[in-house]
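One line per chain: the protein sequences are A and B, in this order.
Start counting the first sequence at 96; every next residue gets the next number (this note's numbering).
Start counting the second sequence at 4; every next residue gets the next number (this note's numbering).
It is possible that some hints are incorrect.
Below 35 Å or equal to it, Euclidean Cα-Cα: the simulated DSBU-like pairs (lysine-lysine) are [to be verified]: (1) B/Lys-111 with A/Lys-219; (2) A/Lys-175 with A/Lys-212; (3) A/Lys-234 with B/Lys-111; (4) A/Lys-112 with A/Lys-207; (5) B/Lys-291 with B/Lys-111; (6) B/Lys-291 with A/Lys-219; (7) A/Lys-164 with B/Lys-48; (8) B/Lys-90 with A/Lys-212; (9) A/Lys-212 with B/Lys-111.
If you are wondering where the hints come from, they were derived from the structure by calculation, not from laboratory data.
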Amino acid sequence: MAEEKSQASSSKMLTLKASDGVLFEVELNIAKEMKTVQAYIDDCEDIETIPIPNVLGKHLAIVIEYIKKTNEEYDAEFEKQWNMDDLQLLLLAANYLNISGLQECLCKAIAKRIENKSPEYVRKVFNIENDHSPEEEAKLRKEYKWAFEGVDKD
Amino acid sequence: MDLESVGDLAFHMILENLKPEDIASISCVSNRFRSVTSDDSLWSKICFHELSLTQPIDHRGNPLPSFKEAYRTWREDFVMYPWSLVKRVKRCWDNIETWLVNNFPEAKETLCEGASEAEIQELEDVLNVKLPLPTRILYRLHNGQEIEKLDVDTSTDAFGTSLGIIGGYSFYDHLVNVYLLPISHIIEETQQITNNLGFLRRSKYVLVAASSTYSEKLFFLNCTNGQLYVGTKELITNRDMMPCVPRNLISLDRELDGEKIQDAMLLWLEEHGRRLQRGSIKLIEEGKAKSINLFPEEPPLCSTAVTNGVQVRASALVIPELTDLQEGREKYLFSYSIRLSLQPQGCMINGISHRSCQLYWRHWLIHANDVVVSDVDGEAVIGMMSLQYPLLRPGDKEFAYQSCAALPTSSGSVEGSFTFVPGRLVEPKGDPFIATVARFPLERPDYIF
């Protein structure tokens, strides 16, 4: 992967335009890691500026940085820097841009933040409303009672 | 800013990074969470990863409607045990069962389905013991073997059964085949034995495995220290038993991380499973009977030598039930198994290949530690009933026979040679030659089966 990112291959530059108008100039081989962008290029070869309507400049910058630097060490540190809101938005961005490595990294990060946590905490953190009735919730807790009790949480 | 926009695929990916407990717990968060966490492909992966299940079944093999149901049933059925220990014990049985399915399905048939908590409680109440946790789980998964034990009084057949999953050996008239007792037998036979041997009852021993044959070999689990012991020749007169598993591995502390709790029964069965999988011990077929043979098949315990095309493989076993720890010179009894065969090219001497050769003399040098204790020569080999002069031909099955030797120490070795003539004794085709038996160890092992 490192070789792909070296200057040896074509250094054609591309411009990506975030939803808030911020522009980013990136090398072609970096942009190609975003499969959505790749599809765009395949369709219209001569394009120079590609609109990214769903992603804020702030997050697009992070995504581009990720693609340039990704490796095991970087990934391990990467996920610690962002709060839950950013993680979710970055995941939405990675989803839209179709960058599989980043998607996996972010999913792991989000999972890490909700493991061993109660349903109440998860609702708060994702800003989700509980649309279960009390009976439905009681039924679910009973169905999954093994997860709430037991000898140890190894 | 809401997870609604995150596709099901990404959601699924998040869930795949969570433990089953967390997936279950967050199913309560909202309707969408409940829906995504019910996806059975998720639970199918969990069932495979944690329990090696490829079908949604409970621990008795009963089918269930979904993997999610199956996982829940397993967790609920074993909620009284540390889950990581349950997984470890299941892996232990799976290892043994896989080998049985592939090599010895007749024995697999005899393995009973798991005992209930009530049956285990009954054993504990009647015998006044507390079984160590790993052994309890072992019995929850399989309640011993259903074997028709030899009824010594009425049976004329000393052979018992050959289906014991621990296996055995035979030499001269001593034949052993060890099986795992189901709880009902454990209760009955432990009571019988402890009526005669009070110390067993006081010290919380239960009989867990035994030979089904006329020759007696008894394995006792000590419920206090978690060790497994095998009775020696002086069990009744002197309470002598030998430990079957390295003592330093036994760890019963319930404060430990679940899967680190290990008693001798679990360690013993795990080691047995490993040996079967590796091929260190194998199945043998004698006539119609198949059985697990405990004589080692692999170096360093089994030696191999080839001379003029004659291949000799040799290995030994300690025989605890005939070992007398109080004795001086003849303390440890070892049995050794010699396997003879002629390689495909025949008996090669001076460039000529002979189609057969026959044994007529043996020579053994037996060492205890490094001191020679026995130097014997003799005609033929002593098989089951009489002297035998094995005739070897290329392509024939190995000729195997067993004999025994007693040592004053727990460590020694045997080496020797056989004298063969090419052709046959009644019609020799050349001069006799010596076929080496490479030195093989006589060692009291870490694990005794």
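Exercise for the section: Check each numbered hint from earlier against the structure, then list the numbers of those it violates in ascending order. Expected result: 1, 3, 6, 9
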